[in-house]
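> Residue numbers (the UniProt record's numbering), protein chains in the order written: chain U, 1 to 401; chain D, 1 to 401; chain X, 1 to 401; chain P, 1 to 401.
In case anyone wonders, no lab produced these hints; they're calculated from the structure.
All values derive from a computational prediction rather than experimental measurement.
No false leads were mixed into what you were given.
Where chains are identical, the list cannot tell them apart; a pair therefore holds if satisfied intra-copy or between any two copies.
Taking lysine-lysine and the DSS-like style, the derived pairs with C-alpha atoms no more than 27 Å apart in a straight line are:
| id | residue 1 | residue 2 |
| --- | --- | --- |
| 1 | 104 | 239 |
| 2 | 104 | 235 |
| 3 | 226 | 104 |
| 4 | 239 | 344 |
| 5 | 242 | 104 |
Number of protein chains: 4
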Amino acid sequence: MDYFYGPGRNHLFVPGPVNIPESVLRAMNRNNEDYRSPAIPAMTKTLLEDVKKIFKTTSGTPFIIPTTGTGAWESALTNTLSPGDRTVSFLIGQFSLLWIDQQKRLGFNVDVVESDWGQGANLDILASKLAEDTAHTIKAVCIVHNETATGVTNNLAKVRKILDDYRHPALFLVDGVSSICALDFRMDEWGVDVALTGSQKALSLPTGMGIVCASPKALEASKTAKSFRVFFDWKDYLKFYKLGTFWPYTPSIQLLYGLREALDLLFAEGLDNVIARHARLGKATRLAVEAWGLKNCTQKEEWFSDTVTAVLVPPYIDSAEIVRRGWKRYNLSLGLGLNKVAGKVFRIGHLGNLNELQLLGCLAGVEMILKDVGYPVKLGSGVAAACAYLQNSTPLIASRI
Amino acid sequence: MDYFYGPGRNHLFVPGPVNIPESVLRAMNRNNEDYRSPAIPAMTKTLLEDVKKIFKTTSGTPFIIPTTGTGAWESALTNTLSPGDRTVSFLIGQFSLLWIDQQKRLGFNVDVVESDWGQGANLDILASKLAEDTAHTIKAVCIVHNETATGVTNNLAKVRKILDDYRHPALFLVDGVSSICALDFRMDEWGVDVALTGSQKALSLPTGMGIVCASPKALEASKTAKSFRVFFDWKDYLKFYKLGTFWPYTPSIQLLYGLREALDLLFAEGLDNVIARHARLGKATRLAVEAWGLKNCTQKEEWFSDTVTAVLVPPYIDSAEIVRRGWKRYNLSLGLGLNKVAGKVFRIGHLGNLNELQLLGCLAGVEMILKDVGYPVKLGSGVAAACAYLQNSTPLIASRI
Amino acid sequence: MDYFYGPGRNHLFVPGPVNIPESVLRAMNRNNEDYRSPAIPAMTKTLLEDVKKIFKTTSGTPFIIPTTGTGAWESALTNTLSPGDRTVSFLIGQFSLLWIDQQKRLGFNVDVVESDWGQGANLDILASKLAEDTAHTIKAVCIVHNETATGVTNNLAKVRKILDDYRHPALFLVDGVSSICALDFRMDEWGVDVALTGSQKALSLPTGMGIVCASPKALEASKTAKSFRVFFDWKDYLKFYKLGTFWPYTPSIQLLYGLREALDLLFAEGLDNVIARHARLGKATRLAVEAWGLKNCTQKEEWFSDTVTAVLVPPYIDSAEIVRRGWKRYNLSLGLGLNKVAGKVFRIGHLGNLNELQLLGCLAGVEMILKDVGYPVKLGSGVAAACAYLQNSTPLIASRI
Amino acid sequence: MDYFYGPGRNHLFVPGPVNIPESVLRAMNRNNEDYRSPAIPAMTKTLLEDVKKIFKTTSGTPFIIPTTGTGAWESALTNTLSPGDRTVSFLIGQFSLLWIDQQKRLGFNVDVVESDWGQGANLDILASKLAEDTAHTIKAVCIVHNETATGVTNNLAKVRKILDDYRHPALFLVDGVSSICALDFRMDEWGVDVALTGSQKALSLPTGMGIVCASPKALEASKTAKSFRVFFDWKDYLKFYKLGTFWPYTPSIQLLYGLREALDLLFAEGLDNVIARHARLGKATRLAVEAWGLKNCTQKEEWFSDTVTAVLVPPYIDSAEIVRRGWKRYNLSLGLGLNKVAGKVFRIGHLGNLNELQLLGCLAGVEMILKDVGYPVKLGSGVAAACAYLQNSTPLIASRI
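Based on the sequences and whatever the hints tell you, model everything.
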């Protein structure tokens, strides 16, 4: 039996790791295999072709690395930059902060553009930095597409536009950890040079795969980048791609089969339908928050995230107590507030393989917890608001029509 | 990929088969084994000891038969009765009807005591029949503890009292398929002679085990009962119990391990806490139905079932459409109305390994479906009523305090 | 952790339950579902069509019953015969004995044709019985295709020929529990009226499905057969077949998905290739036994079974000790000698989803055990004999050429 | 159905990834969880305590990193050394070659001590290098305990002795990827400063965990080491160890539960018994190779590996054809010869959760393949030699006595 058993399902609403579909669990429930047999390369070939679709790229080169999002960051940076290189990076929450910390520790010279937590990246400052940088000392613009700590989605199309406006050659590196496969993301159209995600987010797999995709320009940069790297080095992958054996070192057989199934599910639903579902669940959540009389940590609608909602609690409530109580009483897992917003926000993750009724169960749970901790919520109010919207907008399940 | 794939979890609220806990799925995910090795008898021994606890019996003898509830019925009848024997049986819904049909087809002479669907067994008629039967021609009183088709729970203590009042020696046979492990059931205290359940109900296992428990008096009766039987014959089991090998023919290895885990979960939660949880979820459901302005098919509070609620819909709505729509749009599985109440009721099963937020997700779904089919429900009303109750009555999860 | 843990795989060589392929385990690793949704009937339809192929019938009607082989026997008998009916049945080992016992206890009048254990059914006596029976008092000829206790395969084509020779209308009922999906079996060509198997045998599933197939003549007989039956009654299945919902009571969702995968695997390999593989493994086993200087319990080559080999041990050895030692020392599960041959034979099951190297590991284990218990085996001799044959006869794996 | 389906089990005898026990697969078959809930830290605490046992250390600090062996190497190096630092490293096969390549690419100054492939590390040269290095310019001695490409086990006790003899302060870094949990390994006794392994080797898990253990001296070194690192930085782990939340970024929930079960299995068997089992299986394999008349790639008995045997084939045979044929015809996965020994050796991995009969099945398969490819093997000879040894040396399974 498990540690800390409680009856019924755990309601997993942290913004990652997220719920794994049963069929993906099944696909992964298997013994190891020789990854040098013909079977694994044959499957890998389909995976590399198909993961490009989730980045919306045809020209990119994907790398499926046995690591986490943190490792994927490191792969993106060390393959394209050299110690001392100047980057522009936006600090808007805990995950952008951690990426900036990584950039610094890897020896880069980081121009940090800071915003209030709850705001998106300040792109005006980016514009002025690029404008000034006629010498092209800025080698990369690094941005987190969706800041998981505050539920803020940045406008990547606009970043590209600014880069283009100033004809600036800086690489455009994007953390898509809590966006790719859930939010609208267009690598080729937006001219993203490196995009990356982690398997345990919208792909709805276990942790263990950092998926990185490099544009031709990024690949070119990797040939001269001087950052020390071996485990994360794209070169070794490219060498094995040529050989047709694909793996420079042992991959997780189970995650490969899991990824195959996860991609099949995404394509069966249709990637655009998946994104629309996230938009629907995001909006439903925000309507509930509003009905409860609470504020979204995200300060403007243009930044609202469809994968995670950070909810501000009144000052007399400790948001950590909300999370604790959810787990202890309702078998509900919510996200804590992190760092600057610790105690002030709790987070509802609504990404990955999730449907309307799962979310409504969570929202009902949050209402009861709010009451538990002394917030004068009108029970049923958030669910009512979400239902009113969902009942109008939820499509029939395509395979069941 | 599965037939009829839809994103997110299926919300399974039919009154059986019910949700299987992940740890039970894990326990069953195994290769076959030799059931004649020392391992399987050693485990079986613990299972037979422990299943007695779910019947609340110390004197009973359990049989774990590779069959369904229908087979368990047949085992109860053929082991204790002879063709031509007179039984009294209560027709109050589809499952009691099917059991009566079985009794007739197995050659018994059945006194059918019929009630409106939505009412409990008419025990006054039982009393008068027993009163008249001074010759003791009635060999068995057969009763469904919880009629799954209408959500009606019969009062077994009262049946025993009537039998005792008339000092009638008839066997007391109880279908506990949708009650045992969920509702208060006391084999020894209530003098039940044969009680039975199926693995896919409150035990939260797959279908495949009919679990039958016989009192010493029932065992005695089996020695002279003349109904033909082999597969269902207790005698073969008793022979192998003595040998210590337990199985007259091959059991499902997977279900044995699953049962071991299912029992461990029940005991970890505490059987009385499990029953209290069902009472809580049953009441929450009924409060929601009331808030929606709909009627319970069950006509009196004394018969309200804590494992399934049959909801009457207005005449202008086809309840089957509610079920179809749930599946097609919200990945929600509700129970159809059966036979006499087809089209008139839909059923919410709330039994087995289930918690508050799962139920609330279902209730929110039902609200949206009601709106979909044209019933003027106030969205959020049922969830609000259920939450108001649950927020006051749900205990902390014991292992997490 | 499991009871009685030992490192490495258990080597399962009892003649049932047998090894389950990993992909079948995966297919079954799932939550329950509403069996009244469109999904389960849609799948069931394919299953009923496809199981006919394993019986090699186009005219038969299959029933997938949640029971074991013993229940499948009971279904075959009670649906076609009435109490008092005369059957001819062959006693050649423990399983034919148990079926005869069942026939008697169900009220039939059984003509038992007994042979030595190790011999096949005495068909000369059948011929003379049929010759004498001009009044056609014999209603059914019941025969076990493959007697699992002694490793004897009966000649069903010959039984049909005898029936035809005497133009005898008796039903031809066949226990194919340890033959179907492994040995050559032709329901239509051989005019079998009821054939049956169990899921845990050559289908390589868990226990829990008795699969029974009835010829048009058997179905016709079922209309007038007077044996009491409900759970096993084909009539209820036929009613639900017409409704298109297929199941008179709850099936095991998991086993349905498992059966789908098991059939897919059989058809992917090709049923005739599966049968050829069993022939190959059977012969390899017999060559090993010969090389060890031991005798096959089966007395003539014409009866050799390709699914199980019963090996006679010298009188100074207790065959049960061989089985015990296999389990205790080598994690090898062999079959015990049963009843008359208890202590005298041990059995090697070589049926189901099994390949050459698995068998060779088992044979090497048996050699070591024989040495352990004092039999002067030449180590390596049996494996050498089996390898010499297998190295010549094993085809390339079709999907890997 | 899987790509490249063949009947029966795959016989997995590559030296990693290795067979996963069924109970470990079960433990991992689960949904994601919030790794910030109390459950995961509570379990992690036990894991960190218990993994120390597999290193035989009480003073070491373990890091369970979501990476592979290659990543574990990188963690060991970058945390303890600075670019330009001098290391001594032994080139004796493909894996030591790759580690040396990594050391160079990470900017270290590597003294490569090369031996013939098939020989162990030349420790005399180590001694002379240390003798000369009175200035202590050598910062680390890096050695692969068991070279998986050639089946060579190095003598670590002797390395320590040499370091001690010269009172040399160099760090002692050990790749234990194919040794730890299988061969005798004693971190504290041998004064190893960093030891590491990967989950898919003798721990018998999927790929995905690099487990690194650091001595107090190594931890001290990490405070001043100047290699850039973030993902692999021990500092982040240590920070979260202090917080009691343990994980600087998302771990694989499934692998944590898998590791818990894998350790439980190891301790149930007893680590010394596990090592003895590997010794037994290693010796049995070598006896078979000898009986076939083939040579071990490993040139001296002192270097024989108990986890992998590299078998030299005659010049007229391409060892890759042996591997291909095993997979195509017998569902047997053997290891290829790598780099210098490509085409010349094939490898039998005999590590992890494996038992005697599994190995014997593999050896029988190899015999048939050898015959297939034209080598005049006497069929049965290798199995006979292995059995003769195993029948004398295999203990009873402790739990079954």
